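Trainee: Chain by chain, the residues run as shown.
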Amino acid sequence: MPINRREFLCSSLLSAGALAMPGVSLGFAGKSAGGGSVVAIYLRGGADGLNMVVPWRDDNYYRLRPRLAVPRPDSAGGVLDLDGFFGLNPSMLPLRSLYTEGKLAMVHACGGTHGSRSHFDAQELMERGVNSKSGATSGWLGRAVETLPQAGIDPFISTAIGTAVPRAFSGAVPAVGISSVEGFDLALEGNALTAARYAIAHGYSKSSSIGVAAMQTVEAIDLLKAARPTQYVTDPTAMYPTGTFGNNLKQLAQLLKADIGIRTAGVDLGGWDHHDSEAGNLAPLLSELSAGLLALHRDLGSLAASVSVIVMSEFGRRAFENGSLGTDHGTGNLMMVLGGGVRGGRVLANWPGMADANLDRGDLKITTDYRQVFREVLAKQLPEVDLDYVTQDYVGGPSLGLFS
Amino acid sequence: MFDDLHVSESLAVSSQALAADAVAGAAARSKVTASNEALILLNRIAPGASRAERTRVAALGYEAYLEEQLNPAALDDSALDTVISQTLFTLVLNRAQLFANARANGGNYGQIASEFTANFLLRALYSRRQLFESTVGFWSDVLNIQLNANAQLIVEKSLDDRLVVRPHAFGRFRDLLGASAKSPAMLIYLDNASNGLNGSINENYARELMELHTLGVDGGYSETDVIDVARCLSGWSLNRTTGDFLFQPTYHDSGAKRVLGVNIAAGGGLQDGETVLDLLASHPSTARYIATRLIRRFVTDTPGSELITAVAQAFSSSSGDTRTMLRAMFLHPAVRGAPASKFKRPQEFTLSMLRVLEATAESNGFRLLAEALRGLAHTPFSWPSPDGYPDSAPYWLNSNATLLRWNYAINTTKGGARGGWRIAWTTLLEGVTTLEQLIPRVADIVGIGPLSGSALSLWTKSALTLTQRQQITTANRDSTAITLAALMLSGESFQLR
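Taken in order, these protein sequences are the chains called A and B.
Per this note's numbering, the very first residue in the first sequence carries number 1; after that it's consecutive.
Per this note's numbering, the very first residue in the second sequence carries number 1001; after that it's consecutive.
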């Protein structure tokens, strides 16, 4: 790392009061030399990709899901046709315009070939970007950020919006976590604030994870005071859904507009484990997800051209419905890539088919490793990154052509 | 939680009486000699004990304190029980009465959720049976049921806590597992209630039963085992009228099964599930899995294999007796000789702060606590996936959580309506007239004393910054102590237990 901003900042906290003063530019948050940002949206619980981008031309889909299938186009509640083979769940209507505008690409029958149907193992492996537990223990985004020139300099280079920092960000350069951009400050003033800044700067071990988080927190406070992201108002065409997810995306847009050096960011949306009554439970989540993605894209305006959003989940669900009008844990799944110059308007899939003989123990087969999507998006937005270091035991396969 | 001001206000009155009772009880039994290892144990079992309790436990010693905590029935919690029974009315209602209560409140389950959660927090704050309460928390993570997943679960989880977790928390694992498998809350949360409906299995409970409740993900089961366990448990369902457990033979797959290499003959009916639970509860992988989780909950995120083996051995040799495991764990040299190294989860952080400050709730105290826990993503019984709140520092430790912890300490130590909790600073600081007295006193109150030379220097410089290099006066003594306490509570050592 070029200079250790963290040590510099901590050692100067007491003497250089200006650093702590609002409105004083730190002059650190550098614009990166080219390249954009990657936003990872994780749908926790195993989202049912087969009922999101529906293979309505595959009759086996209807055979396996007699009560849970989304009807064919032109039927009541039918899918919105995308390409004559796949169709969009009608609850994802907000995404249709992005798809037809060529801003949104779908990748289907995608996933990790480790074979685990455990939520926790599958999330862990996917976020580490590896295929076995003995692989690298850092996260794929953590490894991606680690090698960027601004790592350790721009505190927001890696930013998780929400109460926790997802596993994908773990590594030598920990991500900033932030749940509320507004009011991200110590509730102290005057001498008490000065004393607190002194105690924070000198009271923590420099090497412990508690100490590192403390320093990072101070950096984030100072940088936000200087950058004032709340000055960037939401674009009036961006209708974020109410709730935490929409609010997190809205704040992400503010931070991206504030140009504080974000190269990777993450937002989670949970609640996708639909073992029963799936139709009724999935619809509102799909609406929330879709409205959120559309709003973020609209809100970012011209910035959207350099921000790629990847939507992923740990696994798909079994091809066949279960006895509870739900689906159990499966494998092959959908990924989506939005914005950042993606060649959208296409469903990219080497479709394995859903005849019994083509299923993998009752699940949709995986024909594309999820890391192929990671690699193509990283190559576009973080061209400085060593892809083989990030995806470890996956060296890349045939190009999906996500970007030209 | 606690959106109903009335509940928060009632709890305020309760907590005042209880704090006094807890301190008096501790002081009455205290003796003099100090014991560092006993204090480390105390902080593992009951983070944030008052100064009087610390003195008492130091005098009592390591083994005696452990044995005391392993026999909760002998510890008098009657004052707490009385307050709870006078304040939280829904805790004694049965299923029908709980649903009637919600109907009477216009379909609002808020009172039930709020009182159930309040019971947990009140006991965590004021019970003398701290190890029992922590163990209830442990099993509530292992057998996680998300309280607010739906309205029905608010009722069923509160019943599950009363009828499954608490009665078996200090008992045998097979009994706990069996009660959980038949608990309507678990049957609903992990969908086994509809397993076998329409002639198709639902794998959800079967998979999580092995992965999260017994064997662990690498415990040696296959995908075929998942399916056959689900078949064995098909029909373990609910009586649609009473809501109680009921075996529904028409949902049950009566064919032959094979689980973990054991053949289960066709036609076993309800017994198939019992056989599966027997196999799982007595499996060596379960012993290691439960032992590992127990150590991770109480001692360290990264237990060594020797310690795991010792605790797993205690599990196996006692037919899964929780107290035998706890005793083996706390008496093991790898635990007894180790300093505090476990990062407090948000509940432990906030509650231990309130406990060292001997705080009593103002009318908004519990509401502010609930708000802080929501911000820190640790609202009781609200983890959204079946694995339970993580015992992994990296999950809880980041800049967002750090700032929220700092500000909770800053606001709470101020006391009064703003902090939400009354703190008797005048009593706590009795006899303090100089800065030289103030610093060690505050460190002692928050439990990070005695201070090393470098720590004393740090806090002296911080205090001098606060007073602009002046000696304290009667006018600024308490305010200086309040800020200093907030900084110490934000400091590294208070984050560990």
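Calculated directly from the structure, the hints in this document are not laboratory data.
From a predicted model like this one, the values you see are computed outputs, not experimental measurements.
Yeah, the Cβ is synthetic: ideal placement off N, Cα and C, and Gly gets one too.
A hint or two may mislead.
To be verified - Each pair of labels, with its calculated beta carbon distance range:
id : chain 1 : residue 1 : chain 2 : residue 2 : range
1  : B       : L1075     : A       : D259      : 28 to 36 Å
2  : B       : N1071     : A       : R67       : 50 to 58 Å
3  : B       : A1266     : A       : G78       : 55 to 63 Å
Said to hold, decoys possible - Derived list of chain B stretches under chain A, where covered just means 3 residues or more per stretch with a C-beta under 8 Å from a C-beta of chain A:
id : region
4  : 1206-1218
5  : 1325-1336
Trainee: Does each hint fit the structure? Answer for all of them.
Mentor: Tested hints:
Distance hint check: the CB atoms of B:L1075 and A:D259 are about 59 Å apart, inconsistent with the given range 28 to 36 Å. For B:N1071 paired with A:R67, a C-beta distance near 54 Å keeps the hint of 50 to 58 Å intact. The hint said 55 to 63 Å for the Cβ distance between B:A1266 and A:G78, and at roughly 43 Å that hint is violated. Check on the region 1206-1218 of chain B: 3 of its residues sit with their Cβ under 8 Å from a Cβ of chain A, so the three-residue criterion for coverage holds.
For the region 1325-1336 of chain B, the stated coverage by chain A is violated: 0 residues have a C-beta nearer than 8 Å to a C-beta of that chain, whereas at least 3 were required.
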